[in-house]
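These protein sequence lines are chains A and B, in that order.
Take 2 as the starting number for the first sequence in this note's numbering and just add one per residue.
Take 2 as the starting number for the second sequence in this note's numbering and just add one per residue.
Honestly, the hints are just simulated from the structure, not real lab data.
Keep in mind the model is a prediction, meaning the values are calculated, not measured.
Please note that the accuracy of each hint is not assured.
Now the in silico label distances, taken between C-beta atoms and shown as ranges [said to hold, decoys possible]:
#1 B/D43 <-> A/M251: 49 to 57 Å
#2 A/P47 <-> B/L426: 27 to 35 Å
#3 B/P34 <-> A/E13: 53 to 61 Å
#4 B/E126 <-> A/D364: 19 to 27 Å
If you only want the chain A side, here are some residues facing chain B, beta carbon under 7 Å, derived [unchecked claim]:
#5 F146
#6 Y169
#7 M314
#8 D439
All C-beta atoms, glycine included, are put in the ideal place defined by N, C-alpha and C.
2 protein chains.
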Amino acid sequence: MTQRRYLLAESEIPTHWYNVMADVGPPPPPLHPGTGEPVGPDMLAPLFPMALIGQEMSPERWHAIPDVVRDIYSMWRPTPLHRALGLEAALGTDCRIFYKYEGGSPAGSHKPNTAVAQAYYNQQEGVTRIATETGAGQWGSALSFACARFGIEVKVYMVRVSYDTKPYRRAMMEAWGGSVVGSPSRDTNAGRAILVRDPHSTGSLGIAISEAVEDAATRDDTKYALGSVLNHVLMHQTVIGQEAQKQMAMAEAYPDVVVGCVGGGSNFAGIAFPFIAEKAAGKEIRIVAAEPSSCPSLTRGHYGYDFGDTAQMTPLLAMHTLGHGFIPAPIHAGGLRYHGMAPLVSKLVNDGLVEAVAYAQNDCFASGVRFAKAEGIIPAPEANHAIRAVEAEVEAARAAGESRTILFNLCGHGHLELGAYQQYLNGELVDSELPQSDLDAAAAAIAGMPAIA
Amino acid sequence: MTQRRYLLAESEIPTHWYNVMADVGPPPPPLHPGTGEPVGPDMLAPLFPMALIGQEMSPERWHAIPDVVRDIYSMWRPTPLHRALGLEAALGTDCRIFYKYEGGSPAGSHKPNTAVAQAYYNQQEGVTRIATETGAGQWGSALSFACARFGIEVKVYMVRVSYDTKPYRRAMMEAWGGSVVGSPSRDTNAGRAILVRDPHSTGSLGIAISEAVEDAATRDDTKYALGSVLNHVLMHQTVIGQEAQKQMAMAEAYPDVVVGCVGGGSNFAGIAFPFIAEKAAGKEIRIVAAEPSSCPSLTRGHYGYDFGDTAQMTPLLAMHTLGHGFIPAPIHAGGLRYHGMAPLVSKLVNDGLVEAVAYAQNDCFASGVRFAKAEGIIPAPEANHAIRAVEAEVEAARAAGESRTILFNLCGHGHLELGAYQQYLNGELVDSELPQSDLDAAAAAIAGMPAIA
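Model the full assembly from the supplied sequences, consistent with the hints where possible.
Structure below.
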């Protein structure tokens with residue numbers, strides 16, 4: 002029998018997070034929207050503990066993972082690397098396909114990797130309450146779980162369309178003690194302002210971020226936590242790629258191409274950044290980011306400065322953006338419905354180190370169902386974008402007469418999104434083209450923003 | 002850091018299933034209801050492939066696991082053994098608590114261990130369609146997954162109350178290609194007869210078994226598969242306990258007590274039977290089966306012959322039973338809503354080798370939420386009964402001034418039952434006493450059955 006799963010011992014949980022900025026340089030700095038000056042640590046202090054602000058701006062290559070965090074990681078880490086023998090057979094390919102599976106974590110995705118770290122640093126600095134946003138609910142679940150371990154209260158602003166279509170996610174957050182409200186909500190000025198203009202708003206990550214930031218900025222006992230986008234969040238996820246490097250070596254394989262789906266960028270960064278280090282050092286390897294065609298920030302967006310949120314409360318970030326006013330179609334991959342992109346991922350795409358591709362929802366669910374039948378795991382709708390990109394690689398390899406080794410991140414399971422699968426199986430999902438005129442209109446709103454030097 | 006998880010390599014997947022009958026003898030034989038004579042292999046042939054009938058009646062201690070089955074097992078096996086450090090801390094105990102976690106399988110429970118084996122033997126004998134029943138949906142999911150791998154069509158009769166309250170389970174079965182109907186259904190004589198008497202029947206495993214057996218018995222292309230109760234099904238689950246024995250040795254621990262929840266008996270058998278062998282050989286170890294107080298076959302039922310189903314289509318089985326007409330309250334632990342019990346488990350209780358306990362639904366959910374907060378895994382409602390029993394062991398150890406080593410089977414996750422957790426958290430679950438008069442009435446219906454010699 003060919004080996005399917007490559008497991009590491011608990012002692013092989015990485016001891017450090019890897020900071021890709023040490024190898025590729027930092028992205029252009031966040032700017033204060035009023036002055037246009039780079040944002041200093043003091044401006045972020047109302048929102049984040051100082052330890053995380055330090056990580057956000059650090060030039061150091063390695064950051065030691067605190068023992069308490071590693072101990073909690075050991076509840077599910079190291080995660081397995083799977084050889085996708087079933088999918089290879091179903092696709093009739095001689096490519097070797099591997100996937101790192103993060104769905105075995107408490108919340109069912111990669112998100113606890115940073116949630117536990119963030120909860121820890123907040124507790125160390127005496128924080129007793131955290132406000133956050135969540136798209137599909139993966140991040141809100143992860144933070145509720147993590148904060149339960151540190152005795153920290155959590156308020157989750159959940160994007161309305163997910164709040165309505167994913168009731169089990171809410172139950173999961175509440176089982177861990179989190180408090181959840183649909184966003185836009187009546188609990189913040191930002192939410193109320195949106196509801197005045199659009200009482201039936203389906204919400205977006207941009208809106209939910211505005212609400213959570215306002216909550217944290219207006220309460221002394223509360224800080225804010227973000228599940229993606231920021232440098233320190235992406236760094237916490239690099240445990241994924243570091244483990245995958247060891248496990249690929251166990252399999253006596255090295256990837257020709259590494260694939261991840263992207264919304265804010267965190268699971269992609271987790272699998273990809275440790276390989277970016279090797280690519281930067283001269284290794285021949287391609288790295289592909291897969292996004293939804295209904296929210297195509299990397300493939301059809303503008304690379305420039307923009308707000309991270311809809312209500313213009315955050316600093317300006319240098320990123321690929323569709324404009325902070327862009328509201329994506331209510332696709333089921335809620336975690337990918339973000340108008341912008343992590344500045345680090347944007348920089349890597351701009352520098353040519355990462356390729357970007359985009360796929361439509363129905364194609365991605367078709368890939369997800371094929372994967373479920375072949376591999377037994379029902380993927381999160383977000384992860385289906387990565388699987389679709391893997392299938393495209395297999396087709397490209399076939400056309401080129403090559404056998405490629407492909408590694409991708411299966412960032413979560415889809416157990417709480419089975420309603421979406423039911424809709425797909427019933428033929429109820431409709432893909433609509435995103436007209437260029439919509440993107441032009443959204444881009445016009447950010448025409449006056451600073452350019453990236 | 003104390004080690005939390007004990008992992009085995011793929012090569013350590015057991016090579017054989019363990020047949021407890023070799024050590025404790027077979028249970029009293031199934032009887033033909035008309036003649037009162039023991040049932041022979043030929044009578045079972047319309048329902049099961051001969052290989053499984055052979056296993057059902059085998060005196061051999063070890064049965065080799067086919068390579069194809071072991072290869073599919075390797076998609077999730079060996080499963081991890083966890084030290085419950087979080088729960089130990091939450092309970093403030095110096096008992097050591099370990100759990101074998103079967104929730105990482107495709108269907109999210111232990112059920113694929115036998116589903117894959119059954120699908121394999123059916124395929125070997127040319128079967129192209131299988132009919133089955135499912136309670137909470139765990140078994141139907143597992144069989145849909147397994148049959149997808151062997152190209153076998155599946156029809157699932159799903160207990161009505163679960164069909165209505167667990168829509169995601171249905172989506173999971175359909176994603177794997179299964180066909181699902183609520184039971185009692187209009188697709189069988191047995192179902193139609195029940196609906197005439199009670200159009201709003203919430204169903205039961207006993208009714209759904211009748212429907213699936215009728216389906217298989219009346220179609221040439223179809224055989225029947227059962228997810229629990231029968232000797233061969235329980236034997237397939239012994240991979241759980243065999244792995245746990247190795248993993249406990251890795252942890253340098255040996256259980257004073259082994260705990261599992263029981264409905265039909267299969268996950269309990271999986272963890273317990275390999276330890277029964279050691280107990281039979283003189284090892285001092287207690288083994289506890291935990292059932293719901295609303296369906297207390299072991300603790301308040303009668304040990305005698307009864308039908309395995311409601312419509313009286315099966316042979317008579319020697320077991321603890323509440324009577325084949327007993328319809329349990331619609332608790333969320335649908336997998337435990339069975340009027341009878343595996344003959345092998347019943348025999349072991351009768352022989353004094355296994356202790357039985359019963360707990361109410363709200364107490365079990367309280368234990369489940371405590372476990373979720375402490376260990377990060379949200380358990381299946383069935384498994385909460387085992388956790389409640391573990392907590393009782395901890396209290397008993399405290400009262401006795403002892404430190405005990407406890408091993409239990411966490412047979413599945415509760416991701417698809419989060420609606421039940423929501424109801425529990427909202428205080429909407431009501432425990433009602435099961436009056437003795439109800440049990441007496443159900444028992445009266447089986448008063449004329451043969452006694453066990």
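Hint by hint, here is what the structure shows:
no., hint, verdict
1, B/D43 <-> A/M251: 49 to 57 Å, "holds, 51 Å"
2, A/P47 <-> B/L426: 27 to 35 Å, "holds, 33 Å"
3, B/P34 <-> A/E13: 53 to 61 Å, "holds, 58 Å"
4, B/E126 <-> A/D364: 19 to 27 Å, "violated, 39 Å"
5, F146, "holds, 6 Å"
6, Y169, "holds, 4 Å"
7, M314, "violated, 32 Å"
8, D439, "violated, 32 Å"
Going through the hint list in order, the structure does not satisfy hints 4, 7, 8.
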